[in-house]
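J.: Using the sequences and the hints, build the whole thing.
When we follow my numbering, the leftmost residue of the sequence shown carries the number 1, and every step to the right adds one.
It should be emphasised that the hints constitute simulated quantities derived from the structure, not laboratory data.
Treat each hint with caution, since some may be false.
[Unchecked claim] Capping the alpha-carbon separation at 20 Å, the derived lysine to aspartate or glutamate pairs in EDC-like fashion look like this:
{"no.": "1", "residue 1": "Lys520", "residue 2": "Asp92"}
{"no.": "2", "residue 1": "Lys520", "residue 2": "Asp83"}
{"no.": "3", "residue 1": "Lys266", "residue 2": "Glu295"}
{"no.": "4", "residue 1": "Lys224", "residue 2": "Asp417"}
{"no.": "5", "residue 1": "Lys520", "residue 2": "Asp417"}
{"no.": "6", "residue 1": "Lys54", "residue 2": "Asp88"}
{"no.": "7", "residue 1": "Lys442", "residue 2": "Glu295"}
{"no.": "8", "residue 1": "Lys285", "residue 2": "Asp88"}
{"no.": "9", "residue 1": "Lys54", "residue 2": "Asp544"}
{"no.": "10", "residue 1": "Lys24", "residue 2": "Asp267"}
{"no.": "11", "residue 1": "Lys497", "residue 2": "Asp410"}
[Claimed, not checked] Pairwise CB distance ranges, derived in the manner of DEER restraints:
{"no.": "12", "residue 1": "Lys269", "residue 2": "Ala564", "range": "29 to 37 Å"}
{"no.": "13", "residue 1": "Leu560", "residue 2": "Asn286", "range": "27 to 35 Å"}
{"no.": "14", "residue 1": "Ile320", "residue 2": "Asp57", "range": "39 to 47 Å"}
The structure displayed is predicted, hence computed values, not measured ones.
Even glycine gets a Cβ: it sits at the ideal position worked out from N, Cα and C.
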Amino acid sequence: MVEFLSSLDLVHFSPQLYHEIESKPPVIGLALSGGGYRSMLTGTGFIKQMSDWKLFDSLTYVSGLSGGSWILMDLITHDFEVDLMLTDWNLDDGLLQGIPDFVVRQKDLVSGIEESDLTEEALLKRDWSGFDNEEFREFREILDMEVALFDEETNDEGLGKRSLNPLLRLRQLLFDDDDEVEEPLKGSLKDKNDTAQIKSWKSVKRIIQFYIDLHMEVRPKKMKGFPVSFTDYLGKAFIRNLGNNVTNMLNGSSFSRLFRESKSFKDFKAPIPIVVANCKNERLKNVIFEFTPFEFGSWNPLLRLFVKLEYLGSRIRSGIAERCVKNFDDVGFITATSSSIFNNALIYIWNMTAKSSRETVKAIKTIMGLFGLEMAGTGSNDVRSSTLDQIKADYAVYHPNPFFNYPGVDSILTTNDHLYLVDGGEDGENIPLRPLLIPERKVDVVLILDSSSDNQNFPDGRKLKNVMNQLNPEKAWSFPELEFPLEHPLAFGCFDKDHPLLLYFSNGQHSYRSNTSTFKIVYDESEIGRMLMNGREVFSSDFDEHHRNCLGCLLIKRTLDRSAYLSEPSFCRDCYDEYCF
1 MVEFLSSLDL
11 VHFSPQLYHE
21 IESKPPVIGL
31 ALSGGGYRSM
41 LTGTGFIKQM
51 SDWKLFDSLT
61 YVSGLSGGSW
71 ILMDLITHDF
81 EVDLMLTDWN
91 LDDGLLQGIP
101 DFVVRQKDLV
111 SGIEESDLTE
121 EALLKRDWSG
131 FDNEEFREFR
141 EILDMEVALF
151 DEETNDEGLG
161 KRSLNPLLRL
171 RQLLFDDDDE
181 VEEPLKGSLK
191 DKNDTAQIKS
201 WKSVKRIIQF
211 YIDLHMEVRP
221 KKMKGFPVSF
231 TDYLGKAFIR
241 NLGNNVTNML
251 NGSSFSRLFR
261 ESKSFKDFKA
271 PIPIVVANCK
281 NERLKNVIFE
291 FTPFEFGSWN
301 PLLRLFVKLE
311 YLGSRIRSGI
321 AERCVKNFDD
331 VGFITATSSS
341 IFNNALIYIW
351 NMTAKSSRET
361 VKAIKTIMGL
371 FGLEMAGTGS
381 NDVRSSTLDQ
391 IKADYAVYHP
401 NPFFNYPGVD
411 SILTTNDHLY
421 LVDGGEDGEN
431 IPLRPLLIPE
441 RKVDVVLILD
451 SSSDNQNFPD
461 GRKLKNVMNQ
471 LNPEKAWSFP
481 ELEFPLEHPL
491 AFGCFDKDHP
501 LLLYFSNGQH
511 SYRSNTSTFK
521 IVYDESEIGR
531 MLMNGREVFS
541 SDFDEHHRNC
551 LGCLLIKRTL
561 DRSAYLSEPS
571 FCRDCYDEYC
581 F
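T.: What follows is the structure, encoded as structure tokens:
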């Protein structure tokens with residue numbers, strides 16, 4: 001922090017201030033919003049620029065959800081070496097095989113969809129040409145065997161229909177029944193040497209193998225009696241997307257173990273990461289749970305309890321451990337818990353096509369079932385009668401609940417032996433701000449990077465307003481009538497010395513139109529470079545020196561507030577007039 005402040009040329013601070021900062025550094029947090037790869041790429045550029053200015057090393061906490069949590073996973077797996085971020089991500093390949101690459105522009109993850117480039121033809125296209133009979137039957141037999149093994153190992157007690165066999169759904173999607181498949185198969189054998197047909201068959205085999213491999217990676221958890229859901233598969237897909245070197249290192253790696261072995265973390269050279277998710281027990285809304293390297297739990301008055309993360313998955317009843325378990329806190333599973341974005345994507349597909357032809361509806365139902373999504377009302381003669389509200393998204397299942405029947409805490413978070421957790425975006429709370437406002441953490445300044453999709457996939461401040469209204473429902477939180485993107489960040493609470501100062505940055509077009517869809521899952525090298533540069537410019541306000549100097553004033557505002565003998569530079573007073581709302 002002193003190195004950054006000393007480098008400023010428009011404002012000069014006293015030696016007494018530097019001494020104060022060295023004796024009691026300001027506690028700074030960074031909150032990274034959701035927004036899929038758009039959020040991850042923008043946030044990565046933002047952090048890289050922070051690092052260049054020596055400010056990433058000044059952070060005490062960094063919180064993330066959804067795409068923001070992907071940034072945390074990237075930092076964790078590279079031991080917080082900012083220069084190594086994104087070096088292993090396979091962004092030129094889809095996260096989940098077989099999902100069509102489509103673009104959605106939406107107001108947010110939950111409340112509304114504006115338009116889609118997804119076509120009915122893309123969903124129904126299934127080319128069986130080029131299949132060799134022996135290869136065809138061999139793969140179908142392998143898949144049938146995996147379906148049977150999956151059913152034998154499944155323990156769905158307490159989950160009802162939530163954990164449908166995804167491999168069975170995959171078989172239905174690819175092979176349907178023999179009568180429908182064999183006829184096109186026979187016709188295609190005459191031209192089986194055609195290059196395009198062979199490529200099509202190889203593509204189908206790759207999809208099949210992808211999900212069989214995911215199942216094999218999830219299988220050990222099922223064999224130990226734990227319920228699994230779509231989130232377990234998504235977590236393994238995240239790890240796979242990091243590349244072979246990282247995948248081999250991480251498979252089965254627990255979140256807590258990575259930190260016990262982290263040199264940067266042990267040397268106090270890394271911020272404390274906080275992965276955020278929302279609880280959906282009994283249809284709760286805006287009840288936040290958090291994962292840190294040390295603990296899992298919630299500050300919410302309904303609970304206000306934590307368990308050591310290392311022992312998550314242990315059977316603890318009434319506060320007493322009955323069976324201890326380790327390695328449940330898989331880093332991919334925790335990341336996927338915070339980013340159940342593709343549940344929303346598949347629900348969206350159903351909602352948009354529910355009034356299409358009966359054949360299309362059948363195809364969509366099968367695709368949804370493949371990923372653990374169950375449509376209510378399946379007994380109806382008209383499968384199109386279901387609505388978006390009737391679809392049950394697949395949640396991350398945390399069983400056993402470590403807070404089950406905890407003495408003296410009688411709430412819906414302690415009376416159920418399962419906890420169901422989801423992406424915070426599902427409750428409209430897309431900014432993981434709450435954990436950084438906990439009084440016990442004594443945070444001075446919170447930098448907020450908002451990459452939400454409020455208006456044409458750009459943020460307009462409504463997610464911040466949502467959080468603030470949740471925190472103080474008795475007082476409607478206003479927001480300035482400003483044009484987005486912002487010329488520079490907005491500062492809130494500058495003169496409220498009892499609470500953290502909030503410094504709000506919003507994703508906007510600087511050198512690149514960075515409002516890519518939340519559901520865009522493939523980026524080429526050029527797009528990645530431009531998104532990263534734009535993220536840098538969001539933080540630097542296009543490398544404006546005036547902004548850089550004002551940023552220094554804002555970061556030490558609480559240090560100045562606490563001191564009875566430090567004077568406020570006149571330049572800083574002008575910055576506060578310009579930035580503070």
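J.: Does each hint fit the structure? Answer for all of them.
T.: How the hints compare with the structure:
1. Lys520 x Asp92: Holds. Lys520 to Asp92 sits at ~11 Å (cutoff 20 Å).
2. Lys520 x Asp83: Distance ~25 Å between Lys520 and Asp83 Cα, so the pair is violated.
3. Lys266 x Glu295: holds, 17 Å
4. Lys224 x Asp417: holds, 17 Å
5. Lys520 x Asp417: violated, 36 Å
6. Lys54 x Asp88: violated, 24 Å
7. Lys442 x Glu295: holds, 18 Å
8. Lys285 x Asp88: violated, 35 Å
9. Lys54 x Asp544: holds, 17 Å
10. Lys24 x Asp267: Holds. Lys24 to Asp267 sits at ~18 Å (cutoff 20 Å).
11. Lys497 x Asp410: violated, 35 Å
12. Lys269 x Ala564: 29 to 37 Å: Taking Cβ atoms as reference, Lys269 and Ala564 lie about 32 Å apart, which means the hint holds.
13. Leu560 x Asn286: 27 to 35 Å: holds, 34 Å
14. Ile320 x Asp57: 39 to 47 Å: holds, 42 Å
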